[in-house]
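A.B. asks: Sequences are here, hints too, so could you generate the full structure?
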Amino acid sequence: MKAKQIALILIPLNIILAYFVFNSIDSEVEFNKEAKVRISENVQKLKDLRQVQTKYKHAKGTFADNFEALTHFLENDSISIVKAIGETPDTLTDVQALELGIISRDTAYVLAKETVFDDAYLDSRNENFPLDIANLTTIPYSNEVYSIDAGQVEKGKVIVQVFEISTNYGTVFTGLDAENKSYELDALLKVGSMDEASLNGNWKSE
Numbered sequence: 013m014k015a016k017q018i019a020l021i022l023i024p025l026n027i028i029l030a031y032f033v034f035n036s037i038d039s040e041v042e043f044n045k046e047a048k049v050r051i052s053e054n055v056q057k058l059k060d061l062r063q064v065q066t067k068y069k070h071a072k073g074t075f076a077d078n079f080e081a082l083t084h085f086l087e088n089d090s091i092s093i094v095k096a097i098g099e100t101p102d103t104l105t106d107v108q109a110l111e112l113g114i115i116s117r118d119t120a121y122v123l124a125k126e127t128v129f130d131d132a133y134l135d136s137r138n139e140n141f142p143l144d145i146a147n148l149t150t151i152p153y154s155n156e157v158y159s160i161d162a163g164q165v166e167k168g169k170v171i172v173q174v175f176e177i178s179t180n181y182g183t184v185f186t187g188l189d190a191e192n193k194s195y196e197l198d199a200l201l202k203v204g205s206m207d208e209a210s211l212n213g214n215w216k217s218e
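The opening residue of the sequence shown carries number 13 in my numbering; numbering runs sequentially from there.
Don't read these hints as lab results, they were simulated from the structure. Careful, some of the hints might be misleading.
Below are the BS3-like pairs computed for lysine-lysine, each with C-alpha atoms no more than 30 Å apart in a straight line [said to hold, decoys possible]:
| # | residue 1 | residue 2 |
| --- | --- | --- |
| 1 | Lys-72 | Lys-202 |
| 2 | Lys-69 | Lys-169 |
| 3 | Lys-59 | Lys-95 |
| 4 | Lys-202 | Lys-59 |
| 5 | Lys-48 | Lys-125 |
| 6 | Lys-202 | Lys-216 |
| 7 | Lys-202 | Lys-45 |
| 8 | Lys-202 | Lys-48 |
| 9 | Lys-167 | Lys-216 |
| 10 | Lys-216 | Lys-48 |
The structure presented is a predicted model; accordingly, all values stated were derived computationally and were not measured.
C.D. replies: Written as structure tokens, this is what we have:
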């Protein structure tokens with residue numbers, strides 16, 4: 013076969029090969045872009061669930077080991093807030109001012125969700141992912157819910173309450189071609205730990 017004929021055959025083959033290489037790179041870029049968004053959204057939801065868990069523990073003494081208890085607390089319970097009425101002079105402590113009757117304290121009750129998700133917390137959230145209390149336990153882009161567990165562990169002869177809320181990356185990437193990408197699909201994205209007293213998440217930055 014003449015060199016010219018070989019060249020004519022190789023040209024379309026090279027074009028086809030270049031197309032598949034480019035398409036593969038483009039697909040990888042698009043996946044990584046979408047993966048980053050999905051991970052960020054799940055991280056925010058895990059932070060929201062951690063916020064509910066910490067307030068639940070403050071009110072109940074333990075972490076919730078199921079979402080029914082957690083959502084019931086959020087939607088139906090009330091939390092007491094002690095308000096100071098009056099102003100303490102600079103020369104006195106609050107205790108002294110209270111004893112002298114300069115100030116008084118009043119206990120008010122507000123819905124748990126108003127205290128859990130107060131203005132300070134809402135200002136700290138990622139504004140790209142609006143708070144959706146009705147679907148707080150649902151993993152975005154799937155029909156699955158997060159896994160939840162709670163209990164206690166002994167550390168240094170001290171019993172501490174622990175919890176863990178998680179999902180795996182395979183579920184996070186539902187609907188995406190995530191095979192052979194840079195993620196272990198069985199690995200967990202989680203907040204808390206059942207092995208130690210930790211409220212941290214296992215994502216890159218807290």
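A.B. asks: Does each hint hold? Answer for all of them.
C.D. replies: Do the hints match the structure? See the list:
Restraint check for Lys-72 and Lys-202: satisfied, since their Cα atoms lie roughly 23 Å apart, inside the 30 Å limit. A C-alpha spacing of about 21 Å is found between Lys-69 and Lys-169, which places the hinted pair at or below 30 Å, so the restraint holds. About 28 Å separates the Cα atoms of Lys-59 and Lys-95, which keeps this hinted pair within 30 Å; it holds. With a C-alpha separation of about 10 Å, the suggested pairing of Lys-202 with Lys-59 holds against the 30 Å cut-off.
Under the criterion of a C-alpha separation no larger than 30 Å, the hint pairing Lys-48 with Lys-125 is consistent with the structure, at around 29 Å. Between Lys-202 and Lys-216, the direct Cα distance comes to roughly 11 Å. Compliance with the 30 Å bound is thereby established for this hinted pair. Using a Cα cut-off of 30 Å, the hinted pair Lys-202 and Lys-45 holds, with the two alpha carbons roughly 21 Å apart. Using a Cα cut-off of 30 Å, the hinted pair Lys-202 and Lys-48 holds, with the two alpha carbons roughly 16 Å apart.
Simply put, Lys-167 and Lys-216 have alpha-carbon atoms about 26 Å apart, close enough for the 30 Å limit, and the pair holds. Restraint check: the Cα-Cα separation between Lys-216 and Lys-48 comes to about 12 Å, which is no more than 30 Å; the hinted pair holds.
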